[in-house]
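Trainee: Residue numbers (my numbering), protein chains in the order written: chain B, 522 to 854; chain W, 140 to 486.
Hints listed in this document are in silico derivations from the structure and should not be mistaken for laboratory results.
You may find that some hints are simply not true.
Said to hold, decoys possible - Derived pair list, reagent style DSBU-like, types lysine-lysine, alpha-carbon separation capped at 30 Å:
1. Lys340/W - Lys292/W
2. Lys279/W - Lys292/W
3. Lys340/W - Lys722/B
4. Lys650/B - Lys722/B
5. Lys605/B - Lys559/B
6. Lys559/B - Lys340/W
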Amino acid sequence: MTTPEPLAEVRDLHVRFVGRENTVHAVNGVSFTVNPGKVLCILGESGSGKSVTLRALMRLLPVQAKIEGTVRAAGRDVLALRGKALRDLRGGEVSMIFQEPMTALDPVYTIGQQIGETVRRHTGCDRAKAWARALELLELVRIPSAERRLDAYPHELSGGLRQRAMIAMALSCDPRLLLADEPTTALDATVQIQVLILLRKIQRELGMGMIFVTHDLGVAAEIADTVAVMYAGRIVESGPVGRILAAPLHPYTAGLLASTVHGQPRDRDIDAIPGSPPDMRRLPRGCAFAPRCSRRREGCLATVPPEHYPEPGRMAACIAIEKHAEDTLLVHG
Amino acid sequence: MSPLDMSPDLDPRDRGGEQQPLLIVRDLRRHFPIKGAGGRAVKAVDGVSFDVRKGEILGVVGESGCGKSTLARLLLHLIRPDAGELVFDGDQVDAPRGITVAALRRQAQMVFQDSYSSLNPRMPVRDSVAFGPFVQGEPKAKAREIARDMLAKVGLNPDQFGPRYPHELSGGQKQRVNVARALATNPRMVILDEPVSALDKSVEAQVLNLLRALKRQFNLTYVFISHDMNVVRYISDRVLVMYLGKIVELGPVDEIFSHPRHPYTRALLASRPSMDPARRMEEPPVTGDPPNPIDPPSGCRFRTRCAYSEPLCATSEPALSAMGGGHIAACHMLDPASGHSAAGAMS
Numbered sequence: 522m523t524t525p526e527p528l529a530e531v532r533d534l535h536v537r538f539v540g541r542e543n544t545v546h547a548v549n550g551v552s553f554t555v556n557p558g559k560v561l562c563i564l565g566e567s568g569s570g571k572s573v574t575l576r577a578l579m580r581l582l583p584v585q586a587k588i589e590g591t592v593r594a595a596g597r598d599v600l601a602l603r604g605k606a607l608r609d610l611r612g613g614e615v616s617m618i619f620q621e622p623m624t625a626l627d628p629v630y631t632i633g634q635q636i637g638e639t640v641r642r643h644t645g646c647d648r649a650k651a652w653a654r655a656l657e658l659l660e661l662v663r664i665p666s667a668e669r670r671l672d673a674y675p676h677e678l679s680g681g682l683r684q685r686a687m688i689a690m691a692l693s694c695d696p697r698l699l700l701a702d703e704p705t706t707a708l709d710a711t712v713q714i715q716v717l718i719l720l721r722k723i724q725r726e727l728g729m730g731m732i733f734v735t736h737d738l739g740v741a742a743e744i745a746d747t748v749a750v751m752y753a754g755r756i757v758e759s760g761p762v763g764r765i766l767a768a769p770l771h772p773y774t775a776g777l778l779a780s781t782v783h784g785q786p787r788d789r790d791i792d793a794i795p796g797s798p799p800d801m802r803r804l805p806r807g808c809a810f811a812p813r814c815s816r817r818r819e820g821c822l823a824t825v826p827p828e829h830y831p832e833p834g835r836m837a838a839c840i841a842i843e844k845h846a847e848d849t850l851l852v853h854g
Numbered sequence: 140m141s142p143l144d145m146s147p148d149l150d151p152r153d154r155g156g157e158q159q160p161l162l163i164v165r166d167l168r169r170h171f172p173i174k175g176a177g178g179r180a181v182k183a184v185d186g187v188s189f190d191v192r193k194g195e196i197l198g199v200v201g202e203s204g205c206g207k208s209t210l211a212r213l214l215l216h217l218i219r220p221d222a223g224e225l226v227f228d229g230d231q232v233d234a235p236r237g238i239t240v241a242a243l244r245r246q247a248q249m250v251f252q253d254s255y256s257s258l259n260p261r262m263p264v265r266d267s268v269a270f271g272p273f274v275q276g277e278p279k280a281k282a283r284e285i286a287r288d289m290l291a292k293v294g295l296n297p298d299q300f301g302p303r304y305p306h307e308l309s310g311g312q313k314q315r316v317n318v319a320r321a322l323a324t325n326p327r328m329v330i331l332d333e334p335v336s337a338l339d340k341s342v343e344a345q346v347l348n349l350l351r352a353l354k355r356q357f358n359l360t361y362v363f364i365s366h367d368m369n370v371v372r373y374i375s376d377r378v379l380v381m382y383l384g385k386i387v388e389l390g391p392v393d394e395i396f397s398h399p400r401h402p403y404t405r406a407l408l409a410s411r412p413s414m415d416p417a418r419r420m421e422e423p424p425v426t427g428d429p430p431n432p433i434d435p436p437s438g439c440r441f442r443t444r445c446a447y448s449e450p451l452c453a454t455s456e457p458a459l460s461a462m463g464g465g466h467i468a469a470c471h472m473l474d475p476a477s478g479h480s481a482a483g484a485m486s
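Can you build the whole structure from these sequences, using the hints too?
Mentor: This is the structure:
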């Protein structure tokens with residue numbers, strides 16, 4: 522079996538926001554690949570660098586962002602693209618859906634106009650064809666009475682329909698890679714699950730690769746093939762979603778799982794992770810999670826922990842892992 | 140043991156005794172008229188009645204637009220109700236021979252979702268915490284002392300964090316300050332409107348633990364509003380489910396989660412992600428969004444998204460029927476005499 526060329530390949534990505542007074546180290550050496558037809562979930566809390574990583578794949582970062590490393594998406598060297606080539610990539614082979622459809626859609630154009638504009642920009646077809654394509658897309662994302670909705674303005678749609686319309690726009694040029702930045706976080710519970718199921722179906726039907734950023738373990742469980750857990754701008758653990766949820770290796774992942782209220786006994790306190798995430802302007806020298814970690818030992822703060830691969834397809838960056846993994850292997854072996 | 144650590148029946152402010160609900164809400168109603176819409180209105184809270192028992196945590200759940208935040212504000216008269224009454228520990232609020240709104244607010248406080256916008260950005264947080272007791276008549280020095288004490292009780296070192304301004308604190312720290320401020324006036328009841336929704340998951344757990352500890356320490360009663368069924372299951376004693384301005388179900392937390400009776404409650408519970416990739420849902424439990432609260436559907440408001448909807452549901456509004464054990468729900472299928480073809484089958 523030959524390995525397919527990955528759809529997205531990020532190597533040693535660093536993103537710094539350089540300000541007058543200080544520099545925010547948002548992403549500090551992130552590497553991953555996404556193959557066609559696969560869904561990678563980047564899981565992390567606010568400030569972990571998950572959205573910045575995602576935006577780097579389309580170069581949607583402000584000018585003061587200093588980006589280093591290798592970013593390849595849909596076969597292109599994204600960091601080398603300029604001008605028209607970059608605009609062709611965005612919304613063409615790679616497209617993105619955002620958390621807030623109300624701000625991502627233009628309030629003064631109808632849904633049909635906005636989708637049609639994207640189609641015409643990338644395919645060069647005429648208005649009638651673009652309109653027909655827009656209708657087809659609204660039907661694909663299962664918007665009821667699609668024909669009527671083409672003439673609707675974003676404010677005339679409910680939150681769930683707006684999010685579907687944004688997904689339709691992102692799919693308009695058959696992207697090979699779909700980037701999703703917390704697209705269900707602002708939605709109500711009964712609507713969130715509808716949109717997740719829809720995204721998964723469309724992703725499977727179209728065979729797209731997808732990178733899905735979320736802070737919610739439950740959402741990751743519904744949509745991911747693999748999960749990369751980010752903390753303070755680094756991936757601390759990655760692997761198949763089932764393995765990560767069933768047997769987390771990194772103390773941060775384990776802490777997140779233990780502190781989720783899902784299925785928590787009511788008569789006991791939750792095992793919360795103490796403290797709060799580090800200041801991204803002044804990161805500790807070694808493991809950024811060490812100050813909050815219950816398994817902290819000497820050496821954690823000396824250097825950034827190296828990546829360990831205790832099982833096929835799994836990575837965890839923690840110096841306590843090696844030992845831990847050996848123990849597990851002994852038990853199972 | 141501080142003088143605050145006493146059981147509810149020893150609280151000198153207790154008037155009605157243990158059996159008297161701390162708050163009785165009767166037929167509370169608030170519509171927001173829309174300008175230029177020919178008398179149409181958002182029926183945010185449309186005839187809601189329930190009790191809050193002494194010492195309990197009553198969870199209120201529902202999706203956006205169901206009126207849960209309006210309800211929270213009505214309970215403290217931050218928004219004036221159009222109709223309905225509030226009875227706090229036996230005394231009617233804002234009525235002759237009752238207690239004034241100011242007196243209610245001395246005994247009930249609120250914590251909002253947005254921890255930043257609910258603090259004065261130009262005031263060090265210790266002053267924000269001291270403001271309540273000061274306004275309620277404590278001398279300045281005493282108010283400051285209370286603020287120091289409360290900051291310490293919510294886990295913030297008063298010397299380190301007291302002089303800081305809100306923008307110098309993290310989301311979790313700001314929410315701790317808001318809790319300290321709410322408790323500084325020594326209330327008996329706290330209305331918490333989505334207090335952990337804006338927080339990261341690891342911080343959410345810390346704040347939930349803190350809220351539970353403070354409730355025990357100060358013998359508080361909580362009304363806890365949330366959209367997150369998992370949070371509500373963890374923290375509540377009883378759960379109230381709202382849909383488009385109405386109560387659709389109310390009952391003890393274990394009953395609601397193990398035997399939900401209303402199709403909407405079932406849908407809410409079924410919509411929770413499973414946390415297990417091997418048990419992913421293939422079809423959503425319900426379709427569509429919650430309808431616009433301006434023109435809610437006639438009859439049962441959930442009928443437009445309900446799999447069991449029949450013509451009857453459009454013409455007749457289901458009443459809350461009791462199922463024993465304090466569990467009530469409003470669905471025609473629960474009323475054997477309603478005429479719904481599945482009536483009685485669900486009970």
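Trainee: All hints, please: hold or fail.
Mentor: Hint by hint, here is what the structure shows:
A C-alpha spacing of about 22 Å is found between Lys340/W and Lys292/W, which places the hinted pair at or below 30 Å, so the restraint holds. A C-alpha spacing of about 20 Å is found between Lys279/W and Lys292/W, which places the hinted pair at or below 30 Å, so the restraint holds. Of the supplied pair hints, the one linking Lys340/W and Lys722/B holds, its CA atoms being roughly 28 Å apart against a limit of 30 Å. With a CA separation close to 25 Å, the supplied pair Lys650/B and Lys722/B stays within the 30 Å bound.
In summary, the hint linking Lys605/B to Lys559/B is supported, as the alpha carbons are separated by about 28 Å, within the 30 Å threshold. Taking the CA atoms of Lys559/B and Lys340/W, the gap is near 26 Å; set against the 30 Å cutoff, the hint holds.
Checked against the numbered hints above, the structure breaks none of them.
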